[in-house]
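**Student:** Protein sequences, first through last, are from chains A and B. According to our numbering, the first sequence is numbered sequentially starting from 3. According to our numbering, the second sequence is numbered sequentially starting from 3.
No lab work stands behind these hints: they were computed from the structure. Do not take every clue at face value.
The list makes no distinction among identical chains, and a pair is therefore deemed to hold if it is satisfied within one copy or across any two copies.
Below, a list of computed lysine-lysine pairs in the DSSO-like style, where the Cα atoms sit at most 30 Å apart [claimed, not checked]:
| no. | residue 1 | residue 2 |
| --- | --- | --- |
| 1 | K318 | K17 |
| 2 | K130 | K37 |
| 3 | K37 | K318 |
| 4 | K253 | K17 |
| 5 | K17 | K201 |
| 6 | K297 | K130 |
| 7 | K298 | K121 |
| 8 | K67 | K130 |
It should be emphasised that the depicted structure is a prediction, and the values quoted were computed from it without experimental measurement.
Listed here are the chains, written in short residue letters.
2 protein chains.
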Amino acid sequence: MARARVLLGHGSGGKLTHQLIESLFLSQLANPILKALDDSAVFSVDSKGRGMGRLAFTTDSYVVKPLFFPGGDIGRLAVCGTVNDLSMVGATPLYLSAAFILEEGLPLADLRRITASLKGAAREAGVKIVAGDTKVVERGSADGLFINTAGLGLVPEGVDISGSNARPGDAVILSGPIGNHGISVLLEREQMGFVSSVKSDVAPLNLLVAAMLEASPNIHALRDPTRGGLATSLVEMAHQSGVAIRIYEGKVPVDEEVAAACEILGYDPLYVANEGKLIALVAPQDAPEVLRAMKKSLYGRQATIIGEVLAEPRGKVLMATRVGGTRIVDMLSGEQFPRIC
Amino acid sequence: MARARVLLGHGSGGKLTHQLIESLFLSQLANPILKALDDSAVFSVDSKGRGMGRLAFTTDSYVVKPLFFPGGDIGRLAVCGTVNDLSMVGATPLYLSAAFILEEGLPLADLRRITASLKGAAREAGVKIVAGDTKVVERGSADGLFINTAGLGLVPEGVDISGSNARPGDAVILSGPIGNHGISVLLEREQMGFVSSVKSDVAPLNLLVAAMLEASPNIHALRDPTRGGLATSLVEMAHQSGVAIRIYEGKVPVDEEVAAACEILGYDPLYVANEGKLIALVAPQDAPEVLRAMKKSLYGRQATIIGEVLAEPRGKVLMATRVGGTRIVDMLSGEQFPRIC
Numbered sequence: 003m004a005r006a007r008v009l010l011g012h013g014s015g016g017k018l019t020h021q022l023i024e025s026l027f028l029s030q031l032a033n034p035i036l037k038a039l040d041d042s043a044v045f046s047v048d049s050k051g052r053g054m055g056r057l058a059f060t061t062d063s064y065v066v067k068p069l070f071f072p073g074g075d076i077g078r079l080a081v082c083g084t085v086n087d088l089s090m091v092g093a094t095p096l097y098l099s100a101a102f103i104l105e106e107g108l109p110l111a112d113l114r115r116i117t118a119s120l121k122g123a124a125r126e127a128g129v130k131i132v133a134g135d136t137k138v139v140e141r142g143s144a145d146g147l148f149i150n151t152a153g154l155g156l157v158p159e160g161v162d163i164s165g166s167n168a169r170p171g172d173a174v175i176l177s178g179p180i181g182n183h184g185i186s187v188l189l190e191r192e193q194m195g196f197v198s199s200v201k202s203d204v205a206p207l208n209l210l211v212a213a214m215l216e217a218s219p220n221i222h223a224l225r226d227p228t229r230g231g232l233a234t235s236l237v238e239m240a241h242q243s244g245v246a247i248r249i250y251e252g253k254v255p256v257d258e259e260v261a262a263a264c265e266i267l268g269y270d271p272l273y274v275a276n277e278g279k280l281i282a283l284v285a286p287q288d289a290p291e292v293l294r295a296m297k298k299s300l301y302g303r304q305a306t307i308i309g310e311v312l313a314e315p316r317g318k319v320l321m322a323t324r325v326g327g328t329r330i331v332d333m334l335s336g337e338q339f340p341r342i343c
Numbered sequence: 003m004a005r006a007r008v009l010l011g012h013g014s015g016g017k018l019t020h021q022l023i024e025s026l027f028l029s030q031l032a033n034p035i036l037k038a039l040d041d042s043a044v045f046s047v048d049s050k051g052r053g054m055g056r057l058a059f060t061t062d063s064y065v066v067k068p069l070f071f072p073g074g075d076i077g078r079l080a081v082c083g084t085v086n087d088l089s090m091v092g093a094t095p096l097y098l099s100a101a102f103i104l105e106e107g108l109p110l111a112d113l114r115r116i117t118a119s120l121k122g123a124a125r126e127a128g129v130k131i132v133a134g135d136t137k138v139v140e141r142g143s144a145d146g147l148f149i150n151t152a153g154l155g156l157v158p159e160g161v162d163i164s165g166s167n168a169r170p171g172d173a174v175i176l177s178g179p180i181g182n183h184g185i186s187v188l189l190e191r192e193q194m195g196f197v198s199s200v201k202s203d204v205a206p207l208n209l210l211v212a213a214m215l216e217a218s219p220n221i222h223a224l225r226d227p228t229r230g231g232l233a234t235s236l237v238e239m240a241h242q243s244g245v246a247i248r249i250y251e252g253k254v255p256v257d258e259e260v261a262a263a264c265e266i267l268g269y270d271p272l273y274v275a276n277e278g279k280l281i282a283l284v285a286p287q288d289a290p291e292v293l294r295a296m297k298k299s300l301y302g303r304q305a306t307i308i309g310e311v312l313a314e315p316r317g318k319v320l321m322a323t324r325v326g327g328t329r330i331v332d333m334l335s336g337e338q339f340p341r342i343c
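Turn these sequences into a full structure, and let the hints steer you where they fit.
**Tutor:** Laid out in structure tokens, this is it:
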């Protein structure tokens, strides 16, 4: 069975599909809600007697290439990416769906490894996979495996976090060094002969966000700088809130090996994808407390303040450079490198 | 612009992605929740003051080939399939996510047409698209376009519908003739030179289910027989409930043209996919009332009773054939035809 591969019949909806679901997905991901095997998962959301509260709902498809990369794989990525999107509105992630598009011929051992990784990430984040789907397409019609996850979370009473809530004076906190995910995937894919120990930072950020929310009610905006990198996320928030954001080049942490790879390859780390970092725009008086809380959390140990929110020029991101100048930072234009998430 | 195509940069997360989202998805699908453009959609679920109730959550990826087929396209399918999965647990569908995996080179005109169709289906079903995602993969890495939708619905108080709730004595109601979707897609794809007017039945069934729930609180199980067809859905429910189901071959409606195509091509309509039909297992005393309600609803006009639930043999589906025998109906084994949904 070690050399078993995905067959078209695994997507038929019939016997082979049931076998695949039972032997692989149910055996690894089982929970009572998923096990009901009806057309939808049904559950109550426990809002601890405080009325229903608001729900957060998000989706992402994952098409990363290669499927396995230093520090993670598409399974871990598919859980973390969606958990993080829920976390960025301050929601507590609860339930995820997982939908697989498999290419005929994919080794079942790869699928098993990816499912195990997905399960591990879900356990780490404390979320349950409650709904799933499997489709199979013919050889040549997809690139191994794509995963979509959608996520459902509960926004605690009183939490109002949005990219449009930034205010002049807010501190800009970054949870750690940037560029690791993009560079690790790129080096793995292109096999450029670099000897590199760069690992993806892919991680679930919900516990970090929970610690931050406990430290302060004045977290105005959160965003995880994935595709498009730190620069694009900052520009998005400046646009949404109608404010300016100023950052300091010398304060933006970049690991030495990532910086070296970027220099050789001609990439700007500001535009390289991350999968385990967040930007927080926080009321200035609460910034030290939030930063302290972040540093105590596993994925926030290297958190640091990299800038501040200004009133003008609206919608712009400015960067004070190391050499003493100021440049305008724009969104990523064109494609830096595809299939990074 | 008529010949504009999807570029890799449309998936970068940067400027081109924003342009695509604004010009195409937001302009067509806009609603206040989607427009917030944060990492997750945030909303309250209105359960009309009766406490939160239970939620239903489901996901499906759509990989149908070709993208356009008689009676529908992948956009309409992606909404109806997920709306129907929510409906099959008795939930009122409320919110959908839509995630696109685009192949580089896909004509933007096709994407626009598909998005318009998706919008039309969402409007017909009364659901809102509140979250989305766009990924682009290189030419040759996907087959034009895949869509994933996840859906969220509210299960009304007191509704408990599950494939595991069937009871001996229940009537088996089918909402209309079977096989139209699968045959229409197959004939369109294979271009077999048939002159055929078979159209897909792809339709949202939530209003039909609402009418049924109003007619009776004793609807025990619902399922839409998509991949694997009527036979597979019946076997699934017989398994889940530990009952037998007996149907009558002569009572299962099949349109003449579908029957003819199946005969020529060697397919059994019991295994051909549907995208706008449902099976209901209903307490016998309420079956006439439910049937009456169905016949008044747009997608239930040809509803009919095709059999009944028995205590034994557990987990089996039996079919009384036209010639007077009885045969055991099994799940689809192998693959009948791929890429049907």
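**Student:** Run every hint past the structure and note whether it holds.
**Tutor:** The hints, checked one at a time:
1. For the identical chains of this complex, K318 and K17 are inter-copy neighbours only, at 14 Å across copies versus 56 Å inside a copy, given an alpha-carbon limit of 30 Å.
2. Within a single copy, K130 and K37 get their C-alpha atoms as close as 12 Å, and across copies as close as 28 Å, so both meet the 30 Å cut-off.
3. In this assembly of identical chains, K37 and K318 lie within 30 Å of each other by CA distance solely across copies; the values are 20 Å between and 49 Å within a copy.
4. Taking the shortest Cα distances, K253 and K17 sit within 30 Å of each other only across copies (26 Å), while inside one copy they are farther apart (57 Å).
5. Taking the shortest Cα distances, K17 and K201 sit within 30 Å of each other only across copies (27 Å), while inside one copy they are farther apart (40 Å).
6. Taking CA atoms no more than 30 Å apart as the test, K297 paired with K130 passes inside one copy only; the shortest distance there is 27 Å, against 40 Å between copies.
7. Taking identical chains as interchangeable, the C-alpha atoms of K298 and K121 lie at most 30 Å apart only when both belong to the same chain, with a minimum of 26 Å there against 46 Å between chains.
8. When the C-alpha separation of K67 and K130 is checked against a cutoff of 30 Å, the pair qualifies only within one copy, where the shortest distance is 26 Å, while the shortest distance between copies is 32 Å.
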